[in-house]
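Q: For reference, the chains in residue letters:
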Amino acid sequence: MQTQELRQVAPAAETNTGDQAFLKLKGITKRYGVDYMAVDDLDIDVPKGKLLGLLGPSGCGKTTTLRMIAGLLDITRGKITIDGDDISHKPPHKRDIGLVFQNYALFPHMTVAQNVAFGLEMRGVGRTEARDRVEEALEMVRLPGYGDRKPKEMSGGQQQRVALARALVIRPRLLLLDEPLSNLDAKLRDDMRIEIREIQQRLQITTVFVTHDQVEALTMCDLVGVMHKGKLAQLGTPEDIYERPADLFVADFVGRTNILDGEIEALDRVRIGASVYPCNTRGLTSGKAKAAIRPHRISLTPSRDRSLVSMATNAAQGKVTRVTYIGDVVQYDIDIGGNTLTTEVHTASAGHSFQSGEKLLCEWKPQDMQVFAQGSGN
Amino acid sequence: MAAITSSVPIAEAPARRKTFPFLLIALLLPMAIINFVAFVLPVIRLGMISFIESRSGGVLTNNYTLENYVDFFTDSFSFELVSNSLILGFGVTLITLCCAYPIALFLHRVSPKWRNMLFVITVSPLLVSSVVRTYGWMVILGDQGVINGILMSSGVIDSPLRLTNNTLGVFVGMVEVLIPYMALSLIAGFGRLENVYEEAAASLGANSWTRFRRVILPLTAPGIALGCLLCFVLSISSFITPKLLGGGRVFLLATEIYDQAVIQLEWPTAAAISVIVLIIFGLALAVYSRVVKRFD
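Heads up: the protein sequence lines correspond to chains A and B, in order.
With the numbering used here, the residue at position 27 of the first sequence is 27, and numbering never jumps.
With the numbering used here, the residue at position 124 of the second sequence is 124, and numbering never jumps.
So that you can see chain A by itself, here it is in the shape it has in the complex (with noise of 0.2 Å):
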């Protein structure tokens, strides 16, 4: 009862930029067996020429929702429209869906130049304009003159792009990419990352994509959309999703956060351990709550007098219990009586470091605790 309450206090649906929905999913659901909810109830409006990312960890009916979308899979309830025609029912083929697979699926019998001339053949495009066409497909995700080759003389993030290319050739209403990064390597993804961004804007192409990384998800899109076991946990810009995550799930899968156990005092009072902090508590007066703090939103400073603290900000002393030297940044993990935070601090901007053992001061602003209360999220 109380994760429903939640949600509706979250500011899910306000979050969308207004415009009109081009694609509309209303109530899908995929049902397997009796019982088991692969996908429950999902609602979510894109407006055009926005990107949605849908994140979740695996098994939390992302892809399904992508192959509902793309009608690969039968929806068991619920309506899909692009743009006002209701492809519910509609065979794939004739959705008009450009769809990019996690394994690029490109065709190992024909070259690349046919590959992304497949879908213009199906439109019973001309020979001359379909050359064109692909050529200039193929410019756009720089692999001119590639035309020839075959997929497998290709390397992972040039078939991808391939991929992209046959995906896009064919104006499709809507693109989906599903998990189109999780088979390149770091240094490559980053890159495709920017580039299938830069595409997605300059062709002003609503696009749907499946990930369940949540860099790609926050920094690609401008919708994301939080799945846990078959149900959107949150929808929101990728700000909302961070800053004021919905429940306590979708506050622990995106990014790294401390997760304390405490009770609700009173209105925006939690009690964690023996002392009492100010926080938001989303109007929630009493109960037992679970508090969310991100490691690098508290800032350490050498042990000194409580009374110094300003009362804007939370304190609590603590011990540092373990070090760990992480590059860009060094984590502290700190025994803050009964309970270990960790916190972050970058390395650049470390006046000092602080050694294990070593007696601090952890502080953070109120508005940075989200407090949940218990069994929200899961």
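Hints should not be assumed to be uniformly reliable.
[To be verified] Here are the in silico distance ranges between beta carbons for each label pair:
1) B/Leu-168 to A/Lys-150: 42 to 48 Å
2) A/Gln-374 to B/Val-123: 57 to 63 Å
3) A/Gly-59 to B/Ile-240: 53 to 59 Å
4) A/Gly-59 to B/Ile-147: 51 to 57 Å
5) B/Val-123 to A/Gly-33: 30 to 36 Å
6) A/Arg-171 to B/Ile-147: 56 to 62 Å
7) B/Ile-25 to A/Ser-58: 45 to 51 Å
8) A/Ser-58 to B/Leu-126: 37 to 43 Å
9) B/Phe-106 to A/Arg-171: 54 to 60 Å
10) B/Pro-102 to A/His-89: 25 to 31 Å
11) A/Tyr-32 to B/Pro-21: 53 to 59 Å
12) A/Arg-256 to B/Ile-25: 55 to 61 Å
[To be verified] Think about it this way: if two alpha-carbon atoms lie no more than 27 Å apart in a straight line, the pair counts; the simulated DSSO-like pairs of lysine-lysine are:
13) A/Lys-90 to A/Lys-231
14) A/Lys-48 to A/Lys-26
15) A/Lys-152 to B/Lys-293
16) A/Lys-24 to A/Lys-229
17) A/Lys-288 to A/Lys-365
18) A/Lys-150 to B/Lys-293
19) A/Lys-229 to B/Lys-113
20) A/Lys-94 to A/Lys-26
To be clear, the hints were calculated from the coordinates, so they are not data collected in a lab.
Keep in mind that this is a model prediction, so the values were computed, not measured.
Even for Gly, the Cβ is constructed at its ideal location relative to N, Cα and C.
Model the placement of chain B on the given structure of chain A, informed by the hints.
A: Okay, now just chain B, sitting in the frame of chain A:
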């Protein structure tokens, strides 16, 4: 660092290469010897016999001649044999392909949970000798057989249909005998076919027929080529099924070789026809390798 790491494989490689061929040769040698003694030598001997002057009573002379081949190519019956065999070979292969392809495609797509069991069922006819299966077809197709019995007792026909002792009977028997081989070869050659290619084609606007023609068929071409080669060779070289279900009325190269060698004792003639069959197989193999290269 780079120099050190790159020098390691160079140092190791020759050592590895030295031991490698020994093991390779040791493992290949037994089969190579068997192949040489049981295949290469007999084929050479067969070729030699095919040039020996024919004498009645199975006597082999020391006179070499082209007569056996000249006789074969000037006898109009030979052309009947060749054309019958080729028609049977192509016909049986095509029908077998059409019967086995859907089975193989289904087995390729079915969930792994069922695949093994269904696969075993598909190839289980191989557990029964083709002679026994051919006798089974004689029981089913014969004049007093199951099919004619049912049709006559139900009054559909008055006299039995000729289902056996003719080409029809041979076709039915051969197709049934060869389906497991065809299905096995098809599945072996379906490795490149993945569901995702069909999905990609569908998303690009291809309907199910186009998906079959443009994606499934080319990707399964290696399997089709392998299965067709195997079935073509097996159907041309088989003589038990044609002999039993053809009732001595269907004349093929294989049955003629048997007759010449075992009944007429004309070994040189039988050898010459065998060499011609081998040449046909060689041509089939050449076509196969071209097809495989084309679709690779």
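Q: So, for every hint listed, does it hold in this structure?
A: Tested hints:
{"no.": "1", "hint": "B/Leu-168 to A/Lys-150: 42 to 48 Å", "in the structure": "holds (45 Å)"}
{"no.": "2", "hint": "A/Gln-374 to B/Val-123: 57 to 63 Å", "in the structure": "holds (59 Å)"}
{"no.": "3", "hint": "A/Gly-59 to B/Ile-240: 53 to 59 Å", "in the structure": "holds (56 Å)"}
{"no.": "4", "hint": "A/Gly-59 to B/Ile-147: 51 to 57 Å", "in the structure": "holds (54 Å)"}
{"no.": "5", "hint": "B/Val-123 to A/Gly-33: 30 to 36 Å", "in the structure": "holds (32 Å)"}
{"no.": "6", "hint": "A/Arg-171 to B/Ile-147: 56 to 62 Å", "in the structure": "holds (59 Å)"}
{"no.": "7", "hint": "B/Ile-25 to A/Ser-58: 45 to 51 Å", "in the structure": "holds (48 Å)"}
{"no.": "8", "hint": "A/Ser-58 to B/Leu-126: 37 to 43 Å", "in the structure": "holds (42 Å)"}
{"no.": "9", "hint": "B/Phe-106 to A/Arg-171: 54 to 60 Å", "in the structure": "violated (37 Å)"}
{"no.": "10", "hint": "B/Pro-102 to A/His-89: 25 to 31 Å", "in the structure": "holds (27 Å)"}
{"no.": "11", "hint": "A/Tyr-32 to B/Pro-21: 53 to 59 Å", "in the structure": "holds (54 Å)"}
{"no.": "12", "hint": "A/Arg-256 to B/Ile-25: 55 to 61 Å", "in the structure": "holds (58 Å)"}
{"no.": "13", "hint": "A/Lys-90 to A/Lys-231", "in the structure": "holds (24 Å)"}
{"no.": "14", "hint": "A/Lys-48 to A/Lys-26", "in the structure": "holds (17 Å)"}
{"no.": "15", "hint": "A/Lys-152 to B/Lys-293", "in the structure": "holds (15 Å)"}
{"no.": "16", "hint": "A/Lys-24 to A/Lys-229", "in the structure": "holds (21 Å)"}
{"no.": "17", "hint": "A/Lys-288 to A/Lys-365", "in the structure": "holds (21 Å)"}
{"no.": "18", "hint": "A/Lys-150 to B/Lys-293", "in the structure": "holds (14 Å)"}
{"no.": "19", "hint": "A/Lys-229 to B/Lys-113", "in the structure": "holds (26 Å)"}
{"no.": "20", "hint": "A/Lys-94 to A/Lys-26", "in the structure": "holds (20 Å)"}
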